[in-house]
Amino acid sequence: MRGFQNIALIFCRWNTCRFHVPLLLCMTMILAVSATRPGHAADNSTFAVEAKKFTQKHCISCHDSRKEKGDFRVDELSVDLMDAATAIAWQDVLDLVQVGEMPPEGKPQPSAEELKVFVDAFEREVQRIAQEQSEHDELQIRRLSRSAMDNTVHELLGTRLNLSDNLPEDTVVSGFDNLAATLGQSREFMKVYQRNARRIANDVIVRQNSSDPRRKRTYKVSNLASGSKVERGKRELMVWSSRGRVHCIWPEKFKAPRTGVYEITLDAAQSNTVQELILAGKKWEFVDKKTGKSNTSQEKNHQRIVLQDAEKLRHERLRHVSINAVTFPVEQVGGTTPGGREIGEIPVGPEMESRTVEVELEKGETFFIHAVGASPRQFPAYAKVNGKEKLVGELLRVKRVTVEGPLTQDWPPPFYDTLVDENQKLQYAPLRTFLSLLFREPCDDETVRLYASIYSLVMKSEKSPTAGLRRLVEAALCSPRFLYVRGPSGDEDEAFSLANRLAYFLWNSPPDSELLSLAWSKDLLDPDVLERQVNRLLADDKSDRFVNDFTEQWLSLRKVGDMLPDPDRYPEYDRELEVSMRREPELLFREVLRTNSPIDDLLNPGYALINERLAIHYGIDGVKGEDFRKVRLDAWSPRGGLLGHASMLTITSDGTRTSPVVRGVWVLENLFDSPPSPPPADVEPIEPDVRGATTIREMLAKHRDVATCNECHRRIDPWGFGLENFNAVGQWRNHYMKGKWHNQKGKPVDATGRTPQGKNFNGVVEMRSAILSQSRRFHSALAAKLFLHAMGREPSVAQRHAIDQIVDSNRKGKGGLRDLIKDLCASPLLRGK
Amino acid sequence: MPSPLLPNRRQCLRAAGASLTLPFLASFPGSKTWARQPVAGPGAGQDGPTDAAPRMVCMGVALSMYPGEWNPARTGSDYEAPKLIKPLEHLRKEFTLISNADHPGVTGGHKGTPAFLSGVYKPERIGQAIIVRNQITLDQVAARALGGKTRYASLQLGAADIGPNDSLSWNEKGIPLPAMADPLELYRELFVNEKSPEKAARSLSQGRSVLDLVNADAKRLSSQLSSADKQRLDQYMTSVRGVETDISRQIEWLGTPKPKVARLKDRPTSYHENLDTVLELAALALQTGLTRVISVGLPGNGLPIMAGKQRIGNYHGQSHHGKDASVVAQLVEIETMHSKSLARFLDRLKSIPTTEGNLLDCTQVLFGSGLGNASSHSNRDLPILLAGGGFQHGKHVRLKEKTPLCNLFVSMLQRLGVEQDAFAGSTGNVNEFLGA
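Which chain is which? The protein sequence lines are A and B, in order. Here the first sequence is numbered in this note's numbering, starting from 210 and rising by one per residue. Here the second sequence is numbered in this note's numbering, starting from 23 and rising by one per residue.
Hints are computed from structural coordinates only; laboratory data are not their basis. Heads up, a few of these hints could be off.
Straight-line alpha carbon distances no greater than 30 Å define the calculated DSS-like cross-link-like pairs of lysine-lysine that follow [claimed, not checked]: (1) K372/B / K464/A; (2) K400/A / K280/B; (3) K108/B / K400/A; (4) K768/A / K195/B; (5) K994/A / K252/B; (6) K634/A / K241/B; (7) K464/A / K217/B; (8) K280/B / K217/B; (9) K572/A / K108/B; (10) K572/A / K280/B; (11) K280/B / K108/B; (12) K195/B / K572/A; (13) K400/A / K217/B; (14) K462/A / K217/B; (15) K108/B / K669/A; (16) K400/A / K372/B; (17) K634/A / K372/B.
Generate coordinates for the entire structure from the input sequences, incorporating the hints supplied.
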């Protein structure tokens, strides 16, 4: 019994596993296996023989009962691959041996021939078992992810409201929040979801003769109201930028006529007038507004920061303006400190121009605008300039605010007229089409009747066809037929299931009419038709939704902005930088996909896709404006590829310091699909100490002196050390910072590392080459992530095998990213086989 | 024994309204958020002083309390209060500080946060990633016992929005319960009546019919699915039935007017104003019998943190102080504001009379964190303060090292009248230290 528990523990704690199995599941499986199937059949297979031969020679000396290195014992590992946990454990063994991480450096290495025999035996066995198991049912049903459900109602109903507002977040697994197993559904979820479904139903079901609420309203200085620290000129309002919402402006007497999406346009400019004064060499001093006395205490400090800012940025940056909704008229909210919920933001630059943002407003809500671009450190708002008292600092100048909306595709939306006749009778034929559209597959009579029943029920009590139809739409949106994407339950459904899977994979949206009609005729199952459709889907603009959704999850981009970097160390970090860094990986992935470039380009494209803000951050000259463009890079440039993206470098830091461990884990997880286990339960974490002169490398060295820590950390830390030349917001550094203002040179950065295979590198460029020298590992990892995204589950061992075959054939060809995705879509994998 | 000086119902309501605003005006600058005139009227659903039924409030700080300024050096009753206890000094007799308690086996830094009230952190692999499977939390066990007859079985609140994995309260299925952090929304939920109860009832029952319909359809669909898929759909149907039950409870309560309190006008603009407002609403909810069990999370994000007029940025960053003295000082300043909010809340409960004493006497208030030391992400020796609830307080109790915090939970539940002698990893109880 103890032995089995030990094996169970191996799966949890063995630190190099590619796949891990839930402890309990694993225990019960193994116990069940031991009770029912001793595994005699497997013992006679070639795999059993080859596995024993190989491990006796190369593994047993460390992984037996005497040493149990890495908490793993190969002598206790069964060879029965029918058992999923065992198969996964062996897959891990093979992975490590194939990439050269085991046996460790310094031990005799297996010959290529030995390795091949072992691997072949494993693969034959896996295939045999895969065939045997192909009828086993797997999880096919999958709830729409949050973004998919929003895209679906936007596409199918023309509403601009979201179904996902305020829903409890879904569990994120390896960065992905769209996995079938974790797309849960709790009572809390359903409660909010139903409320959202009702809002959308109210939005799209409108009586034909109701008046069009869409308007464009323009507000100029005369009808823009203002809070404190706002200077009113003839043509402009000057708003002091701060985190405080007291300093705001709002359109007088505006109230949203209807719940919906509104377009707010701001004609404005923004700049730091103190910076302008300093740079122009003018005389000025802060004054206290109330007493009129001068306030010089902070001037020096301010001057230093402003100059530091000016020097680091060398440009007039975009500063963000926040838009907040409130239910009460702003002026009634005690006049000065409105609360409200943030509904949107607009970047505003130094030149006066129009900028637009779309926001959601509830019926009856109004909004106010305040500038939030100011540095988190605040200084007095008023100064004497040439003897005159003026509002100074980061100022937003507003000329005009325009509100347009609510935005809807058509007015009125077509559904009421289509579904109800003049006698207020529900029309069954159009209703069937409507439901089939929402459910994305043909709808039978019984289903149509069921959903029609709610209409009659409401008509009985309320006599209002609008109310009846709204409840019908609410029910359709709450239906499992809407909310879940299902696998085929028979041959008939296979084409529809494939149409849905393709559309949600490559568009993150519902299938369009072309896909649905090809599913209806079953032509979609024809390989040529399928290939043409995949090409069409990838060429369509909607594929951007896939790119954004996939990169955001694969690279955990949602974490960007979770933690504000320490403003003392990184005063130049602003919202514009944050928004830009989040965009960079998406654009790179899109470019590589669009041009069908080699997958390796994701790491080393030879160009960077950046705008001015990022270029400044990266120290690249000659990029002007906020639009992203391709900038050619030298071969030695650390930028361009994912390893030089500020987004990754920032989210793997704690806002203050870098962490080679976290960055190392990022590399293992995202580029190799091989995350390490968390530290064992009995190890207390290191408490960082920044007072002494120790570097993080020195602290980790101590950690690695402990044998149990070293097992994992020798795999993790080197990849992080290679990135040490990037600070906690991804800027280049040759030295650590020190001193009170973090502006003095500290110890020099050491960015050397050694791969687990024993290859030395110095810095990110050499490390990048080391990773690309094992590019198959990277390609295979990316393909596995794409599968995960498309199917909503981890591949099984057999599927993993099929994916690797697709990767290998892709590598024999051009190795293009688009080709890889096409091959995945065309393979039986996407049909759940 | 009711005192002859007890105010009548109307006076009491006025008192509730007045005490609602008065301590606030003195203590927090954002009093603009409350209307000055308390609104009193008929049908407040409350007669005379509040009953003395047992209640429970659990407060969890995501980023812990700086250990160097939390636990006193001395044990017993004559300890010297460290900086973070100072704001609570005048309440010394009303609470106990407990050191050396934690959840043995729970590690993983911030992942210990959801374990604070459950004692369980069960990392589970899905493929190669870890997700947390949690178990029922202390407050939810209490809610099962105390929540049957109140309008809300329990309330989950927050000083700011809280992500699901940082949730304090988890139900028996291991699902995190979302917390309300917007005071306006909370105020509307708790204290604003439907304009037309008939219309609301009709709307609710139509909503229930919608759910009946989709549930029926799910059953039809389920018959065509494989067994693994059926399980997914079962989860869907359970969630639908759950909402139906909630709707029924809502319809049942529609005829009972909500208690009347001073009107909340607007949202606060700083972290601690928000926390104070939420706690004020929590006190009112306990006082007016809306619920008997509340959890309040203090996450590491949210509105700006203001110390006086100075904005302190980067709370999470400060928690990783790296022993830098100036950063530690700022962190302690932030956490002192947590302590002040707690003190205001305890004062508030103490000021509300019940038929047998004051509201604090019958309300257990647990304050603590699932993280022992945020700087190192340690989950050992958690900061724990227990106030009220009729225990014998006034001491700093140092337990044996690595005593399960669940032992305290057992004592708390028993005091509430829940017959349970074990909770998650408990190995006993701590009754002897609490005079229970």
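Against the structure, the hints come out as follows:
no.: 1; hint: K372/B / K464/A; result: violated, 43 Å
no.: 2; hint: K400/A / K280/B; result: holds, 21 Å
no.: 3; hint: K108/B / K400/A; result: violated, 43 Å
no.: 4; hint: K768/A / K195/B; result: holds, 28 Å
no.: 5; hint: K994/A / K252/B; result: holds, 26 Å
no.: 6; hint: K634/A / K241/B; result: holds, 28 Å
no.: 7; hint: K464/A / K217/B; result: holds, 21 Å
no.: 8; hint: K280/B / K217/B; result: holds, 12 Å
no.: 9; hint: K572/A / K108/B; result: violated, 47 Å
no.: 10; hint: K572/A / K280/B; result: holds, 25 Å
no.: 11; hint: K280/B / K108/B; result: violated, 37 Å
no.: 12; hint: K195/B / K572/A; result: violated, 37 Å
no.: 13; hint: K400/A / K217/B; result: holds, 21 Å
no.: 14; hint: K462/A / K217/B; result: holds, 25 Å
no.: 15; hint: K108/B / K669/A; result: violated, 65 Å
no.: 16; hint: K400/A / K372/B; result: violated, 36 Å
no.: 17; hint: K634/A / K372/B; result: violated, 62 Å
Hint violations for this structure: numbers 1, 3, 9, 11, 12, 15, 16 and 17, all remaining hints satisfied.
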